[in-house]
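Student: Got chain A sorted already, so can you dock chain B onto it with the hints?
One letter stands for each residue in the lines below.
2 protein chains.
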Amino acid sequence: MKVAILGGGGFLGRRVAERLAAAGTLGGDIAELPEAAIPAGTEVVFHLAAVVSGAAEADYDLGRRVNLRGTDAVIDACRRLVAGGGGAPRVVFTSSIASFSGGQAAMLDDGAKQVPANSYGTQKAAAELLLADATRRGFMDAVSLRLPTIIVRPGRPNKAASSFFSSIVREPLLGLAAELPVPDDFKVWVGSANSAVAWLIHAAAMDTAPMGLDRSLNLPGLSVTVGEIIGALEQVRQGASALVARRPDPVIAGIVGGWPAGFTAARAQALGFAPNEGLVELVRAFVADDLEATRRDRGMT
Amino acid sequence: MKVAILGGGGFLGRRVAERLAAAGTLGGDIAELPEAAIPAGTEVVFHLAAVVSGAAEADYDLGRRVNLRGTDAVIDACRRLVAGGGGAPRVVFTSSIASFSGGQAAMLDDGAKQVPANSYGTQKAAAELLLADATRRGFMDAVSLRLPTIIVRPGRPNKAASSFFSSIVREPLLGLAAELPVPDDFKVWVGSANSAVAWLIHAAAMDTAPMGLDRSLNLPGLSVTVGEIIGALEQVRQGASALVARRPDPVIAGIVGGWPAGFTAARAQALGFAPNEGLVELVRAFVADDLEATRRDRGMT
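Protein chains in written order, with the working numbering: chain A, 24 to 324; chain B, 24 to 324.
Be careful, since some hints might not be right.
Using C-beta positions, here's what the derived DEER-type ranges look like [said to hold, decoys possible]: (1) Met130/B to Leu236/A: 50 to 56 Å; (2) Gly110/A to Ala63/B: 49 to 55 Å; (3) Gly33/A to Asp207/B: 52 to 58 Å; (4) Asp230/B to Gly134/A: 26 to 32 Å; (5) Asp133/A to Ala63/B: 43 to 49 Å; (6) Gly250/A to Ala63/B: 49 to 55 Å; (7) Asp132/B to Ala265/A: 47 to 53 Å; (8) Thr248/B to Gly301/A: 49 to 55 Å; (9) Thr248/B to Gly250/A: 41 to 47 Å; (10) Asp133/A to Ala106/B: 38 to 44 Å; (11) Gly277/A to Gly107/B: 27 to 33 Å; (12) Ala106/B to Gly126/A: 27 to 33 Å.
Calculated directly from the structure, the hints in this document are not laboratory data. No experiment lies behind these values; they were computed from the predicted model shown. C-beta atoms are modelled at their ideal positions from N, C-alpha and C, and glycine is treated no differently.
Just chain A, with the same shape it has in the complex (with noise of 0.2 Å):
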């Protein structure tokens, strides 16, 4: 199977080209897409490329023309496929829950709509539109998954508002203390990496048919609290949850207290998407795939 995956530099992209043993990883700018990157016979495209949260906050043109014109792009590589006589790929887009807002009160159904409060949320859902319509066309053959919050994320803390929901079971591993911002009933929607990766996989073989015109999923993650994702810490590793130090930050908790607390997924479950492991397993996963390189790459060994 011919596939491309846009973005594979990423900690996502990578895992997929490791499990589907694929290459065709694209670096520079996704708007300004070599016709290399997606060449006649590709089956699959994994589109992974895309400016955060964070970033596309700061600087609306990057975010507009990673998100948006980067998309554009992969709709144009894919018509030109189709042009030449080649069958419409499977697009695979990661998509975001921060397409949404409506906060800790919100538990969304598959008829929600996005209402994003951010540029990369407003980014992700226009791609979303997008893409659906490039399907209808028959230039591609797209799904996109709107991804929870992924944790445990290796590496290290970083300044996406979301850094913290991984820093309070990672740096605890690791023997290093870690800040909570906001308190210990704020509900999160989150998925495993391996379950993310497992979606995506899913989604490229999937059977398309059923989806009809509306080409998005909200995914079968965890409706958790904080403090429940530092009780599986606590039972994975006894004492490791002293390290967690209670810091409130309401910059912090303003954006992140805007995402919905969950969803019911009911669609991406019938189409096939595994529920996302409990959180004891998904901690047991982090430490037994990621822990220790996660130790080497930092310097702690």
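Tutor: Frame of chain A, contents of chain B only:
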């Protein structure tokens, strides 16, 4: 008040300009918006410029350039005003119910999500998202109006799938035959030309603070059957309805049959948008305001 009307050469744009005695219309390619189109000090921008449904479906690149890049150009022009120390202008944008699907069974409330079945509706829905985000960022103060099918349009029948909704009234009033491609019980969501102009002008002056993040409105049009439209014609001009010939056309029925039959439009009414006048009044207004001009424009006198 300094007003710019983009797309001011069209049917609604000319009427808004007449009502406001405003100029500032724009020709040419809106995606290359000249700075002069939205000069410093502009307080209100009517963004009506669009490639309509049939044309956007026939020419994907043209629809994208005008309907999406054109909206980006409006956003950038408003950003420049604000960056130059000016106030964020009110932007009144004409979106469309073509951004929805669902067909004859659909009576949609204000929470309904947009699942477009054509490129025009897709581009309008995406533009709404971009304008809402530009508003949140302080570049402008946008109100997007999802106009119903407007009847009775002056002029001639054209190739738009929706053309017959006006033709079945206008042509018989001119003494000419008209074809009806759908059954008499076919439901359609309509608005009058007078209501459309009044809604646009209300949107330019209203208090937008209660709108929050969601800057788009379904308007209080009328859900009527084609038979009721023909009945109103007969009431205004006895015998005229005999000129309507039933000529089923599955292609046209397929396109217009995908549009929702009605909307509750509660939010727009709460925000002061007046309900559309009744069908008989609507037909009488066309006779009073447009019939003679249409006859003249078509060389019939």
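Student: Could you run down the list of hints and mark each one as holding or not?
Tutor: Hints and how they fare:
For the pair Met130/B and Leu236/A, the supplied restraint of 50 to 56 Å is violated, since their beta-carbon distance comes to about 19 Å. As the Cβ distance of Gly110/A to Ala63/B is approximately 52 Å, the hint placing it in 49 to 55 Å holds. A hinted range of 52 to 58 Å for the beta carbons of Gly33/A and Asp207/B is consistent with their spacing of about 57 Å. One distance hint, 26 to 32 Å for the beta-carbon pair Asp230/B and Gly134/A, holds here, with the actual separation near 30 Å.
Take Asp133/A and Ala63/B: their Cβ atoms lie about 46 Å apart, and the range 43 to 49 Å holds. Hint check: Gly250/A to Ala63/B, Cβ distance near 53 Å, so the stated range 49 to 55 Å holds. For Asp132/B and Ala265/A, the Cβ-Cβ distance of about 49 Å falls inside the hinted range of 47 to 53 Å, so the restraint holds. Checked against the hint of 49 to 55 Å, the pair Thr248/B and Gly301/A passes, with Cβ atoms roughly 54 Å apart.
The supplied range of 41 to 47 Å is broken by Thr248/B and Gly250/A, whose beta-carbon atoms lie about 56 Å from each other. At about 40 Å, the CB distance of Asp133/A to Ala106/B agrees with the hint of 38 to 44 Å. For Gly277/A and Gly107/B, the hinted distance range of 27 to 33 Å is satisfied, since their beta carbons lie about 29 Å from each other. Taken as a hint, the range 27 to 33 Å holds for the pair Ala106/B and Gly126/A, whose Cβ atoms sit roughly 31 Å apart.
The structure fails hints 1, 9 (numbered hints given earlier, in ascending order).
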